[in-house]
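> Chain residues, written in single-letter form:
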Amino acid sequence: MAPLLLVRTVAERQVIVARCDDAARRGIRTGMTLTQARALCADVVHAEHDPIADRRALEALGRWLMRFTPIVALDVSDCPHAIFLDITGCERLFGSAQHIVQQTADALSCLRISAHLAAAPTPGAAYALAFAAGQSHVGQGCGERPLLAAVPKGRALAFAARPIFGTAAKTAHHTIVPAFAGSHGAVVSTEDLPAALAPLPPLALRIGDDLAAALHHLGLTTIGQVIDLPRRLLPARFGPELLLRIDQALGVIPEPLVPLQHLMPVAAKVEFDGMASSLEAVWTVFQNLIGQIIVQLAARGCGARRLDVELLRFHEPPLCKSILLSRPSRDGVNLFNLFRCAIEEKIHFTGRGGEDGFRGMALRVPIFEKCPDEQIGLLGHENYAGQLELDRLVERLRIRLGEASVVRPQPVESYIPEKAWESSEDHPARRAAGVGQNRLAFPPLPIPRERAGVRVFGRTESRSRIKSRPHPNPLPEYRERGSDISTGHLPRPLHLFPKPIAIRVMVCPSDDAEGHPAAFVHEGEVRTIVHAVGPERIAGRWWDGHDKTRDYFDVEETNSRRFWLFRVRQTNRWYLHGTFE
Amino acid sequence: MRFISCHDGKLEVLGTQAFRAPAARAFTTGLDALDALAPGGGFARGAVHEILSAPEHGTPLFFAALLAAASGQGDEAEGRKFILWCDPTKEIYPPALANHGIALTHLFLVRPREPRDLLWSISEALRCKGVAAVVAAAPRLSRVAARRLQLSAERGGGVGLLLRRANSPDIGCYAAATRWLVRPAPGQRTVQRWSVQLIHGHGGCVGQTVFLELSRENHSVRALESLAHRPVETRPTTHPTMHPSQTPTIAQAS
Numbered sequence: 001m002a003p004l005l006l007v008r009t010v011a012e013r014q015v016i017v018a019r020c021d022d023a024a025r026r027g028i029r030t031g032m033t034l035t036q037a038r039a040l041c042a043d044v045v046h047a048e049h050d051p052i053a054d055r056r057a058l059e060a061l062g063r064w065l066m067r068f069t070p071i072v073a074l075d076v077s078d079c080p081h082a083i084f085l086d087i088t089g090c091e092r093l094f095g096s097a098q099h100i101v102q103q104t105a106d107a108l109s110c111l112r113i114s115a116h117l118a119a120a121p122t123p124g125a126a127y128a129l130a131f132a133a134g135q136s137h138v139g140q141g142c143g144e145r146p147l148l149a150a151v152p153k154g155r156a157l158a159f160a161a162r163p164i165f166g167t168a169a170k171t172a173h174h175t176i177v178p179a180f181a182g183s184h185g186a187v188v189s190t191e192d193l194p195a196a197l198a199p200l201p202p203l204a205l206r207i208g209d210d211l212a213a214a215l216h217h218l219g220l221t222t223i224g225q226v227i228d229l230p231r232r233l234l235p236a237r238f239g240p241e242l243l244l245r246i247d248q249a250l251g252v253i254p255e256p257l258v259p260l261q262h263l264m265p266v267a268a269k270v271e272f273d274g275m276a277s278s279l280e281a282v283w284t285v286f287q288n289l290i291g292q293i294i295v296q297l298a299a300r301g302c303g304a305r306r307l308d309v310e311l312l313r314f315h316e317p318p319l320c321k322s323i324l325l326s327r328p329s330r331d332g333v334n335l336f337n338l339f340r341c342a343i344e345e346k347i348h349f350t351g352r353g354g355e356d357g358f359r360g361m362a363l364r365v366p367i368f369e370k371c372p373d374e375q376i377g378l379l380g381h382e383n384y385a386g387q388l389e390l391d392r393l394v395e396r397l398r399i400r401l402g403e404a405s406v407v408r409p410q411p412v413e414s415y416i417p418e419k420a421w422e423s424s425e426d427h428p429a430r431r432a433a434g435v436g437q438n439r440l441a442f443p444p445l446p447i448p449r450e451r452a453g454v455r456v457f458g459r460t461e462s463r464s465r466i467k468s469r470p471h472p473n474p475l476p477e478y479r480e481r482g483s484d485i486s487t488g489h490l491p492r493p494l495h496l497f498p499k500p501i502a503i504r505v506m507v508c509p510s511d512d513a514e515g516h517p518a519a520f521v522h523e524g525e526v527r528t529i530v531h532a533v534g535p536e537r538i539a540g541r542w543w544d545g546h547d548k549t550r551d552y553f554d555v556e557e558t559n560s561r562r563f564w565l566f567r568v569r570q571t572n573r574w575y576l577h578g579t580f581e
Numbered sequence: 001m002r003f004i005s006c007h008d009g010k011l012e013v014l015g016t017q018a019f020r021a022p023a024a025r026a027f028t029t030g031l032d033a034l035d036a037l038a039p040g041g042g043f044a045r046g047a048v049h050e051i052l053s054a055p056e057h058g059t060p061l062f063f064a065a066l067l068a069a070a071s072g073q074g075d076e077a078e079g080r081k082f083i084l085w086c087d088p089t090k091e092i093y094p095p096a097l098a099n100h101g102i103a104l105t106h107l108f109l110v111r112p113r114e115p116r117d118l119l120w121s122i123s124e125a126l127r128c129k130g131v132a133a134v135v136a137a138a139p140r141l142s143r144v145a146a147r148r149l150q151l152s153a154e155r156g157g158g159v160g161l162l163l164r165r166a167n168s169p170d171i172g173c174y175a176a177a178t179r180w181l182v183r184p185a186p187g188q189r190t191v192q193r194w195s196v197q198l199i200h201g202h203g204g205c206v207g208q209t210v211f212l213e214l215s216r217e218n219h220s221v222r223a224l225e226s227l228a229h230r231p232v233e234t235r236p237t238t239h240p241t242m243h244p245s246q247t248p249t250i251a252q253a254s
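So the sequences go chain by chain: R and V.
Here the working numbering is used: the first residue of the first sequence is 1, the next is one more, and so on.
Here the working numbering is used: the first residue of the second sequence is 1, the next is one more, and so on.
Think of the hints as simulated: they come from the structure by calculation, not from any bench.
Ideal Cβ placement from N, Cα and C applies to all residues, glycine included.
Among these hints, one or two may not hold up.
As the list claims (entries may be wrong) - Straight-line distance between alpha carbons at most 25 Å, and here's what the computed BS3-like set of lysine-lysine pairs gives:
1. R:LYS346 with R:LYS321
2. V:LYS90 with R:LYS499
3. V:LYS129 with R:LYS548
4. R:LYS346 with R:LYS419
5. R:LYS419 with V:LYS90
As the list claims (entries may be wrong) - Partial selection, computed: residues in chain R whose CB lies under 10 Å from chain V:
6. GLU91
7. ASP308
8. GLY386
9. GLU418
10. TRP421
11. ALA532
Isolated chain V, as found in the complex (with noise of 0.2 Å):
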């Protein structure tokens, strides 16, 4: 059996060993749920992945900043450990990333104002060798635009992470190498929940999903391929006797 790819118009033979094998260079979030349905068992390092969102649903920005968390850590990352996220609008929160693990001494906001320098500024810093992660709300991409992210991506070694929204009309355009869904999942009273759907990868599971977890008591996270086991969180309104302390939360759980 022999797997053709049809990527960015250009077709490629795959040889039958290509999808598993993990990629040389990737680096895990350490969520094995989370990482069993990327390509290879990993996030690919050089490369770009996007984060799709439906506007309703926010910036899934926990979700890039775990990646881009991950990004800095192990042997693989050969001391690259600087995080760049483009923050046009200046709106993010420099001491909630420290709470997920990005250290404020590597992290450098960049705050371009027009569209044109946004996109300059993700592909200079994806070219640099000093950077581990590049995260960024994309502008409008085409597919010139996208193709040349990633070959900057390629080149430099890094990662970058582009939050895009999911009905833009621009969508189409991408060369990355996994597309991820993320919507917001009920949650509990100290627990947020998301869900998270691969939905382009080559080698992935894609259209599967994993929810991830996020405890506020101490912000660790974790990642279940269901929510299926567990008690589904009931609205207050409806059933006003149930208290929620008595429904068991993650922090008590774990």
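Next up, chain R with everything else stripped away, as it sits in the complex (with noise of 0.2 Å):
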């Protein structure tokens, strides 16, 4: 696999800001501009360093590490790769600090991420534990910071986890699955701190790095010798951070965590002291319920996609339903019609008393979203309303009927009546666009028999043309007209049937393919046509399969109904499709 590489684009050159093992072993270092790299090794791939990404995929291992621990803390002071988890009084939970360490070291390499972890009585012996760890696995003089660490007070606990996962998660599958050994994963007790530390270099101690070259001028290469110089000559020397640094690394000086806020899940719950056994109070503690949950939406700027509620009832399984938005909302009106529309149906009060009724109610939130808060223009605000408050119907709709029955037509370009239209799914970028690319505004063009042999208008006959023309011309020939074809008015029923109709038709003159109907049987009732208007005869999509060809009448009956007959031409039967009324 080639060597990863993340970059930072800094003034039109691309410095390196992490590598991978692979690439530390071919001499590639960080604060290398790519061009230097490719120079060392062709086949590096790169990507760009995101630092955000970064943060929030160590956000989200904290949070996934806090299976260990409940306190987990990020930042601590100036280490942004390091992870630190307090695990003061876990090792009860876990038979020992070393089953701590083993257990999560074994996580992390599950997860793919190649960390260095060390137990230590302070955050900062734990830290510089973790980090010797990192510089002693990819080897001297890499210079790479560890990035992850943890710690706890009696006992720390510090990770290091060395490529920068956030981004090489997203990039490519270039983790080393790291090899705790040796130093790795080390637990230190407090009487072992002082000679823990001693030989680690001084730049564990999450000091700057000009004061690490400083000490490193000064030959001194490990705590040990720092420790040993005169105390109070320190500060005078090096400045304040030296001295604070192994002061909290040996627990003179106490450090604080600062621990990841716990994600509370956004919940409301009531309980009765009796039964509620109206519906009235169902609706007022839901109302309530409402509040709350939007309360905490809006403090997290977010807003619920789905809800869930239970009824909770006495001797039986509580009444659970859950639904779904389209968008994020914390609109309480909205919410709440949206319940009253989808728990209304299974609300039933026996009125049988005592037992009958609810004991209490809970409502939660497990999946929400961002959510901005909106601004509506002054002008067309009476539009907007409008149209949210049809957003909202839709919706409530949509959750008692179901899905599928609350449809947008959509006239799609086809020659068959049944499939001129689709019902499209309520979709935003379809109804942003308009119509789509292939759908054109119904009707589409006829196109002249001559050209296309698809379609064929046929000249309006009536039954005394017929009559007093024994022998009509037997081909329809295409009528020219003026514009209000070309406009594409062609009549069509209101009222289409989803399957043709078969009927029986007399047809004149003779009964052959090219009469027109005289009259039909129709619920039972025979109907005698006066007009008949046709044929408009529609070709079928043969590459579909559909290969019949069909010739429509539009014909008036002495109840001056109105009917839309076709004969299939290939099979001379006789279907009713539609009335116009």
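Since each chain sits alone in its own frame, please combine them into the complex, following the hints.
What follows is the structure, encoded as structure tokens:
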């Protein structure tokens, strides 16, 4: 696998900010430019460094690590890539500190995160040990900062994970399964602390690079050497930072950890003293619960995408209902209405008293998303409010009647009448774009027979005409008309049967493929036809396996009702397809 | 002179001008003869209008589409353009609605499965302020249900168009602003006709009939007070020599 680099573009130079082990072995260091790295190794893969994604991934990992201890801290005094776990008191649960370290290491290797772990009595010491483990793992002189550390107070645990995994995880599977051996995963007790810290480089104390360079200059290569110096000289010579870090590492000065905030679930619950057995009471409590939920959501700037409600009952499983919202919302009235629609059906009070009713209600929001506060322009407010109400109405209808029960018809370019429209999903992108690219405003332009051979506008013939002319022109001719046809105003019935109804038709003048209908039987009644306009010939889409040609007639019967009949040319059968009414 | 209205069990004293004053928020269809019949010269918004028909005459979807399309137009619509059409049997053909002037982008088809859901859907839709018109074949209505629909419409400000069977047993239960009886009338080859009669509507020309003509050629609609001056359509069977194209059709005349 090619070495992976993370680069940051600084003034048109792509500077390497992190690299994998493989790249390190080939001599690529941080601070080089990408060009230099390419000169060393031609096949490197690089990705742009994304500190925000890094930070987000680190926080996610920190939350995940809450399974080992409730106190997980990030951002402890200039260690941007370390996670500190306070495992004080957690040994009882896991057996020992060594077990915690081992389990954490196993879990991280399962996540393919290469981390260095160390447990020590103070955060500073744990960090130093983890840092040093990272250093020795990579080799001398790499100068790379450890990325993770974790610590307890009485007993600290520290990690150092090396690749900037937030970005690396996005770009490639390039993680190195950590080899936790030797000093990696070391657990240091309070008594051993000075001895464990002594051989570590001063850089492990979380001091700045300049200070570390100055110490290096003076030949002070270990923390032990620094500690051995007269204590009062240190601030005078190196500033207050060095002494502070040493004291923090040794536990002389306490270093509190600021833990990550727990993400509390958005939920509200009410338990009644007795039984609530009236619908009004249920709704009132429900509005109250929704009010609580909304406060919680507003504090996070989020809107609910999914809500679960539980109505607790005696001796029976709770009545559950969940609703999904198409977009995040924290509008109390809207949420209440949605739920009213969803659970109104389910609530039945038998009126037995006593056992009947609910003993409590719980509302949870398992899925919520960022939902910006809406700003409404002063102009067009009415339109906007109407649109908003309509959206909510459609949401309510969909929840009660089912998703497929509310459709927006959309025209489709097709000559087959029943395929000339489709019920489209109310897709926002499509709604924004109007109609799709291959969808035209209904109806499509007719194509003359000479050109396409697909559809023919028959000459309108009436029955009397046929009677007076015993041998009508067998082929209906294309009728040139003005703009009315080209605008597509073809007579189409408002009432179209989903499936054409087979009917018996008397055809005039003779029962062949060219005659016009004279009477037909529908609903057990013989209907005599007064006018028959047509045929309008619609050829089938043979390429779709629909190869029947239909001749449509617009007929008026003696009762003055208008019907839309067609004859399948191939089979000579008649069908009723719709009514003009 | 004072008018007393007895409607839905309530007695109400109306001012003398109450009938003729045009409704504050009414829409017109643009067909003068039809609008003239309606109370105040227009169809009230925030109200239910019923369209009755005999079962053997089919369902007058055309008249409903005409009113629904008109309800979404004009300044009084206040941006409400959307039309909800309850279609439980999936038999409405939207491209034909488009021909009748209803933009498909503003149309929702609602398909409730049970009569109870249908009634609920109509009521909810009428209560919404973004809806111009709700068209539905009404299920069996009780007096309370009819009144509830009317109240929903008053709250939302939209127009409810209920298609009802003239012979159903519950036809006496209504709370509609106007009721219209629609029957098909003899048409011509390219002209379809209906006779539309106002049978209820305070201040309207109750009992009067207009004829609506729909031209097949260009889907233009005309309203005529009577067909007397038109040549009566002759049955081709009785007059085989008479050619229909010799009779002046609407398209040619207009």
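> Which earlier hints turn out false for this structure, listed by number in ascending order?
Hints 3, 4, 6 and 7 are the ones this structure does not satisfy, whereas the remaining hints hold.
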